[in-house]
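Number of protein chains: 4
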Amino acid sequence: MTDVNLDFTTTRLGECRVRSPMSGSEFIDDDARVLYHCDFKHVAEIMAAGRKPPQFECAGPRSKLYFDPSKLKCGIVTCGGLCPGLNNVIRAIVLSLSHHYGIRTIFGFRYGFEGLAAGYGHEPLELDPERVSDIHQEGGTILGSSRGPQDPADMVDTLERMNVGLLFTIGGDGTLKGASAIAEEIGRRGLKIGVVGVPKTIDNDISYVQQSFGFQTAVSESRRAISSAHAEAQGARNGIGLVKLMGRESGFIAGYATLANSEVNYCLVPEVRFSLAGLLDSLKRRLERRRHAVIVAGEGAGQDLLTATNEKDASGNVKFGDIGLFLKDRITAFFRSEKLDLSLKYIDPSYMIRSMPADPHDSAFCLLLGHNAAHAGMAGFTNMVVGYWKGEFTHVPIPLATSHRKKIDTHGRLWSAVLESTGQPREM
Amino acid sequence: MTDVNLDFTTTRLGECRVRSPMSGSEFIDDDARVLYHCDFKHVAEIMAAGRKPPQFECAGPRSKLYFDPSKLKCGIVTCGGLCPGLNNVIRAIVLSLSHHYGIRTIFGFRYGFEGLAAGYGHEPLELDPERVSDIHQEGGTILGSSRGPQDPADMVDTLERMNVGLLFTIGGDGTLKGASAIAEEIGRRGLKIGVVGVPKTIDNDISYVQQSFGFQTAVSESRRAISSAHAEAQGARNGIGLVKLMGRESGFIAGYATLANSEVNYCLVPEVRFSLAGLLDSLKRRLERRRHAVIVAGEGAGQDLLTATNEKDASGNVKFGDIGLFLKDRITAFFRSEKLDLSLKYIDPSYMIRSMPADPHDSAFCLLLGHNAAHAGMAGFTNMVVGYWKGEFTHVPIPLATSHRKKIDTHGRLWSAVLESTGQPREM
Amino acid sequence: MTDVNLDFTTTRLGECRVRSPMSGSEFIDDDARVLYHCDFKHVAEIMAAGRKPPQFECAGPRSKLYFDPSKLKCGIVTCGGLCPGLNNVIRAIVLSLSHHYGIRTIFGFRYGFEGLAAGYGHEPLELDPERVSDIHQEGGTILGSSRGPQDPADMVDTLERMNVGLLFTIGGDGTLKGASAIAEEIGRRGLKIGVVGVPKTIDNDISYVQQSFGFQTAVSESRRAISSAHAEAQGARNGIGLVKLMGRESGFIAGYATLANSEVNYCLVPEVRFSLAGLLDSLKRRLERRRHAVIVAGEGAGQDLLTATNEKDASGNVKFGDIGLFLKDRITAFFRSEKLDLSLKYIDPSYMIRSMPADPHDSAFCLLLGHNAAHAGMAGFTNMVVGYWKGEFTHVPIPLATSHRKKIDTHGRLWSAVLESTGQPREM
Amino acid sequence: MTDVNLDFTTTRLGECRVRSPMSGSEFIDDDARVLYHCDFKHVAEIMAAGRKPPQFECAGPRSKLYFDPSKLKCGIVTCGGLCPGLNNVIRAIVLSLSHHYGIRTIFGFRYGFEGLAAGYGHEPLELDPERVSDIHQEGGTILGSSRGPQDPADMVDTLERMNVGLLFTIGGDGTLKGASAIAEEIGRRGLKIGVVGVPKTIDNDISYVQQSFGFQTAVSESRRAISSAHAEAQGARNGIGLVKLMGRESGFIAGYATLANSEVNYCLVPEVRFSLAGLLDSLKRRLERRRHAVIVAGEGAGQDLLTATNEKDASGNVKFGDIGLFLKDRITAFFRSEKLDLSLKYIDPSYMIRSMPADPHDSAFCLLLGHNAAHAGMAGFTNMVVGYWKGEFTHVPIPLATSHRKKIDTHGRLWSAVLESTGQPREM
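Chains as they are written, first to last, in the numbering used here: chain D, 1 to 428; chain C, 1 to 428; chain H, 1 to 428; chain E, 1 to 428.
Treat the hints loosely; a few may be bogus.
It does not matter which identical chain is meant; a pair holds if it fits inside one copy or across any two.
What the hints assert, rightly or not - Think about it this way: if two alpha-carbon atoms lie no more than 30 Å apart in a straight line, the pair counts; the simulated DSSO-like pairs of lysine-lysine are:
| id | residue 1 | residue 2 |
| --- | --- | --- |
| 1 | Lys-406 | Lys-41 |
| 2 | Lys-312 | Lys-328 |
| 3 | Lys-71 | Lys-52 |
| 4 | Lys-52 | Lys-41 |
| 5 | Lys-52 | Lys-73 |
| 6 | Lys-284 | Lys-312 |
| 7 | Lys-312 | Lys-339 |
| 8 | Lys-339 | Lys-177 |
| 9 | Lys-71 | Lys-319 |
| 10 | Lys-339 | Lys-64 |
Hint data in this document are derived by calculation from the structure and do not stem from the laboratory.
Work out the full structure, taking the sequences as your base and the hints as a guide.
In structure tokens:
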């Protein structure tokens with residue numbers, strides 16, 4: 001019962017006194033909640049212990065708003081690496097602010113937090129429904145992005161100077177921490193500026209959020225790389241197709257791609273250690289038997305095997321050694337030492353995946369995410385992100401969402417299904 | 001609290017005494033449950049009333065089996081119209097029975113229930129992992145299909161004669177009722193034959209099942225038709241693009257396709273009545289303003305406007321009037337009577353959608369559905385289907401699954417989002 | 001030697017005295033020619049008879065222009081049905097006029113010839129490189145289109161009033177005849193206005209033009225419909241998948257689609273008569289043997305079997321009877337009379353094909369077509385279209401291009417290959 | 001008039017006395033020819049000089065065959081790197097040999113020339129229509145492939161031992177030279193074994209062959225990589241997207257991909273030298289102006305800038321330095337030295353492109369190529385390949401086809417159009 005003390009209550013800027021202009025809509029009650037645990041045994045145990053089971057606030061339009069739409073200016077910023085659906089989320093926020101609430105001024109800050117910081121001189125774009133009407137058909141982000149934090153004081157200065165009352169930040173773990181720092185600086189200054197996040201993680205590794213946008217498109221697009229690896233592997237005697245997929249801390253993309261493509265023989269993820277000798281031995285036996293093999297590796301897999309670099313990127317993430325190149329070199333050397341011919345083809349499709357437009361599922365998902373972000377912001381919720389849990393859109397406090405990474409449960413059904421699909425040994 | 005009395009307990013053939021050969025896997029406890037309601041207020045109310053909240057059995061492999069794999073013969077049958085993923089489900093069941101349990105004999109009955117009935121002379125295919133290894137890359141079903149029931153006595157005769165102990169039926173509402181009739185006949189004869197269903201409904205309208213396979217592929221594939229309708233509408237003065245999508249009783253495909261494609265101006269679904277005059281009036285005003293419009297209609301929409309036919313198809317479904325042709329004719333006539341030029345293009349992509357191969361998401365989903373069907377069958381569950389609820393695979397008794405159709409909640413967020421996306425009037 | 005007298009010499013508005021601003025480019029000589037016949041026997045025979053073999057003028061930029069770019073205004077119009085690549089051609093003409101020649105004013109006339117006619121009040125769009133930069137990613141035409149001619153006098157009045165010196169018409173047979181009528185009216189008035197066509201025929205049936213834009217995209221997109229028909233046919237006992245493709249006078253789309261998709265068993269085209277009884281008999285025998293069949297019919301196939309309607313559409317084309325519905329009805333009736341079950345699925349993907357964006361091949365092709373149209377116009381060529389012959393872009397006088405329709409040679413290799421691929425009888 | 005002495009006459013094994021079993025087909029006359037030059041000036045000049053203009057033999061079925069189909073055994077081998085369409089060509093040869101000629105025994109030699117050589121022990125596959133019916137839907141080659149030559153004496157021993165009378169080799173420049181060596185060894189032994197090639201070059205660089213199979217699919221598939229590079233470049237301040245495409249000696253893929261995708265700003269090909277300083281200077285100015293750039297480089301571009309390696313691969317090709325990594329390093333270093341931030345993303349999609357299934361155009365093209373290879377072989381043509389010229393299938397002697405590589409004419413329209421499309425300087 002480790003999660004029994006979780007409290008998903010979010011912060012609000014103040015009382016909501018403005019009547020929502022959304023007519024004919026179904027408003028969500030402030031006290032609507034969705035259970036964190038849905039297995040009854042767990043819930044019953046918690047209740048038997050006299051505790052209230054943890055539960056999320058439900059997202060959605062409120063009948064009473066904190067902000068007066070006629071006076072509010074908003075801003076949107078996208079940070080970090082590309083992810084399918086960024087433009088969809090920008091578009092959905094702009095459409096909801098404009099059409100549902102009648103907001104007139106929405107700034108699109110350029111190139112991530114740089115666009116809010118002093119000294120870069122990036123002029124924001126002015127966003128309106130016409131400007132964003134078709135942007136979802138392109139990958140990437142029309143606002144541009146950048147990695148790394150900026151001084152919160154500088155950024156709040158910008159918000160004050162431009163009279164922005166509501167800021168939407170679309171980004172990953174680092175971005176959300178930056179957004180939280182902005183919210184704290186706003187609090188220190190006693191300002192009434194809302195900060196609402198939309199969590200962006202192509203790896204699907206943000207805690208307390210069941211699925212993040214772009215993840216499914218990424219899994220789908222991996223099919224092309226895996227099919228290519230399979231064709232290359234089959235096209236040569238002792239052919240190996242090696243594909244590196246995204247997944248720094250969590251192997252969800254590699255795992256689901258394995259289930260979605262039946263051609264994978266080894267799926268390597270950050271959550272499961274393996275020994276190089278064990279992998280090489282298993283590979284050798286498979287090639288003897290089947291003459292080809294397909295390996296998929298999440299980028300964070302096998303990091304313990306690589307020499308630590310200690311370098312960090314602009315976002316402060318530790319720079320990972322490249323497991324793809326490492327495996328390519330080691331497998332090649334091993335088979336050479338065994339005097340066995342080998343044809344290994346290494347495919348790294350990451351940039352081609354993350355820059356894709358959202359697929360139809362993610363398009364609909366981003367539309368609803370963006371709407372719910374706008375609804376949350378207008379109702380005064382702050383220092384929170386819009387999440388998704390058991391089929392419902394939710395609110396999650398940023399500090400909780402960034403408290404740790406979500407990982408594959410290596411004793412759960414997903415990982416068992418991966419092992420069953422590949423036929424790889426549970427331990428190597 | 002209408003659902004408080006729901007009981008999702010399924011039937012089992014008998015006690016499980018055979019140790020599962022699945023090694024290293026994580027077995028599911030027989031008493032694992034997932035809550036039907038996940039909003040806490042609801043659950044708390046039920047418990048306050050001294051009741052147990054309704055909950056589903058969790059699917060998954062059991063440590064003890066009912067059947068002895070070394071002696072069991074299985075059969076698979078696909079019925080009704082095509083749906084993306086049929087071959088994936090067949091493949092997953094075969095792979096699980098073979099690889100997880102070591103079953104040697106699996107019959108693929110041809111052309112639906114005809115393949116089990118007397119008098120057609122269809123020889124079953126013998127299925128094994130090699131035969132099914134690549135079938136998921138093609139749409140359709142390698143077994144063939146047919147509509148309509150056959151005599152349960154005939155079919156149980158076939159099962160007895162061929163010594164089949166476990167039958168998997170993949171099909172929709174009618175098929176599941178047929179499967180239930182088979183299970184009852186088996187019961188009357190005191191036989192120990194399991195009947196496990198995998199619910200197939202491209203419309204996603206089976207009760208107590210959150211998402212059915214093929215649905216997401218269908219929504220994705222509708223994009224192409226809607227984009228075409230949009231290009232045709234924009235390419236002409238007073239251009240209208242009209243798309244008929246699947247959805248006899250429920251408008252989920254039309255609704256989600258509308259959210260996934262931002263070009264729809266009118267979304268018509270079976271759940272929401274509209275007046276023809278209201279639609280025509282709104283259309284006329286839109287064309288004056290924007291010169292083009294895109295309409296998406298689920299096939300069951302507006303049936304009250306059509307003359308009843310009373311015909312039934314081979315599956316016993318009432319034959320619907322064709323809302324697409326009806327709207328095409330009425331809209332054309334109306335604009336002619338108004339002396340307004342019109343260019344209406346009508347697109348019916350249904351056969352092109354339902355015959356597609358499963359997309360990567362549905363591929364992974366079908367793999368797990370098929371595995372769980374095999375697990376359920378081996379553990380002696382019968383007269384039930386494998387469902388999906390709040391992210392978990394579940395068991396649902398067939399009589400409950402076929403008790404009524406799932407429909408769009410017209411007061412819920414999905415329909416609100418559709419209205420917000422199209423800008424169509426809530427009432428026409 | 002029927003073609004020996006062909007003369008492909010085009011008309012020019014006058015002498016070219018303006019130096020082209022295209023620097024560093026390779027100009028094409030005015031006397032460059034490409035042979036109409038490339039088989040040597042033919043050429044040698046003609047020369048032996050003391051004749052000059054027919055040959056096309058080569059398209060491409062000229063070093064001397066007729067028009068002074070600093071003073072020229074241009075117009076573009078798209079007419080008739082949609083075709084993949086329309087926006088690409090518009091874009092290529094605008095980019096070439098702007099970037100190669102420095103033209104400042106380019107009108108996009110709306111809704112076909114209506115946009116040039118009196119009384120409709122359509123305001124033209126102003127086109128420039130920014131406006132057209134991304135339009136090729138969408139199907140359809142940003143200018144809109146319409147069918148049918150307008151009064152040439154009215155249209156020339158518009159050109160005069162707006163001071164347009166060069167008009168580009170993108171359209172099919174009817175449009176080119178309309179363009180020719182405009183050119184004649186211009187001649188009668190002694191004006192110096194150029195009229196340059198880009199032939200649009202998804203059917204690829206314009207004479208003296210080897211391949212027209214959009215044709216290849218159309219063939220590619222037909223794959224989806226044919227695969228669906230195949231899945232439907234295989235999914236039922238005695239399943240027939242019937243696909244109607246474009247092709248009023250010529251079966252090139254149906255023929256090439258048959259070669260590109262190995263699942264077609266009967267390919268019916270306008271050029272080859274067949275008897276209904278012969279088809280039904282062959283079908284019956286095939287179903288007995290194989291239990292399924294796929295039929296592809298060009299829309300002009302079997303018109304002699306249908307009752308003549310004598311109706312004409314707005315473009316003046318005879319309205320064809322619907323061979324798809326006809327075959328559907330007759331095949332169904334025949335098998336009913338033979339007391340044989342049948343499951344026939346009819347797919348008409350025409351609107352979904354013609355509204356697609358151009359594929360990469362057609363994108364590059366349209367780019368070069370549009371450039372060459374701009375080059376031709378600037379060099380004073382008029383009453384001509386840009387064609388393509390033996391790998392070279394050419395000029396073709398409109399009267400020749402519209403003199404008759406190009407058809408499949410039923411004694412040539414294409415049709416033989418179709419018969420070899422389907423296995424259908426040469427005569428039915 | 002450098003090409004005036006070309007002689008495309010091919011070798012034949014002997015007189016053709018067997019009547020072709022192809023009934024109802026249109027046979028091609030042995031003296032049918034297609035002109036090498038189609039510009040009339042050129043042809044007229046040659047004829048005026050009393051010479052016969054160079055011309056290709058036309059491919060196609062002959063009424064008289066060299067081989068007696070009832071006694072002939074055939075073999076097929078695929079060599080070198082993957083290319084879209086390999087399986088289509090295998091399939092087309094098998095279908096034509098079986099259905100048109102009734103050949104019963106067709107061996108598919110495994111893993112390239114290894115499958116014909118001594119000492120590897122690869123058992124050939126037996127190919128028939130059922131085995132190959134669906135293989136064209138997968139990329140790669142079902143036969144497997146390998147690089148590098150084998151001893152011709154060994155390989156002819158194998159052909160003799162297995163009684164193979166007709167060998168089809170599908171491969172590139174090295175393979176064709178190997179095939180020619182086999183034909184010579186056959187000649188030395190006085191055997192009557194035919195060797196017919198189908199030229200495989202994804203780079204489209206085989207001489208006297210206008211288009212090779214897989215080329216168009218490769219150009220199409222490059223769109224995805226270029227769009228991704230564009231999204232990445234636009235998503236960052238000073239973003240550069242760098243794509244390496246195939247093209248060792250010839251830049252056709254890079255050039256056509258540039259025309260097909262309007263987002264390329266620099267297209268670098270082997271045929272056009274550039275200075276690194278010139279490129280960097282132009283890039284810097286572009287980033288100042290537009291903040292992003294997309295570069296496409298054929299793999300053989302800029303090899304003079306790289307340190308020569310002198311290494312060779314198994315096919316005997318000089319190992320090229322990696323222009324992609326070189327440019328990535330140098331551009332990054334340059335901007336660092338200029339104290340300018342830069343975000344460069346490097347994409348190498350080569351393996352993902354060459355392993356794709358053929359697109360519909362290439363599918364039809366491969367079908368006809370394979371048919372014509374079978375026709376040529378049956379009619380006793382040997383030491384030749386099936387080519388394509390001015391819309392006709394042709395025969396080309398292997399020594400001519402491998403005499404030199406086809407390259408982009410840097411003074412022709414293709415390269416001019418590339419420069420016009422990118423806006424890059426003609427000289428850097």
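Cross-check of the supplied hints:
no.	hint	in the structure
1	Lys-406 / Lys-41	both (23 Å within a copy, 27 Å between copies)
2	Lys-312 / Lys-328	both (24 Å within a copy, 20 Å between copies)
3	Lys-71 / Lys-52	neither (40 Å within a copy, 50 Å between copies)
4	Lys-52 / Lys-41	both (14 Å within a copy, 11 Å between copies)
5	Lys-52 / Lys-73	neither (39 Å within a copy, 49 Å between copies)
6	Lys-284 / Lys-312	between (36 Å within a copy, 27 Å between copies)
7	Lys-312 / Lys-339	between (39 Å within a copy, 20 Å between copies)
8	Lys-339 / Lys-177	between (52 Å within a copy, 29 Å between copies)
9	Lys-71 / Lys-319	neither (44 Å within a copy, 55 Å between copies)
10	Lys-339 / Lys-64	neither (74 Å within a copy, 47 Å between copies)
Checked against the numbered hints given earlier, this structure breaks hints 3, 5, 9, 10; the rest are met.
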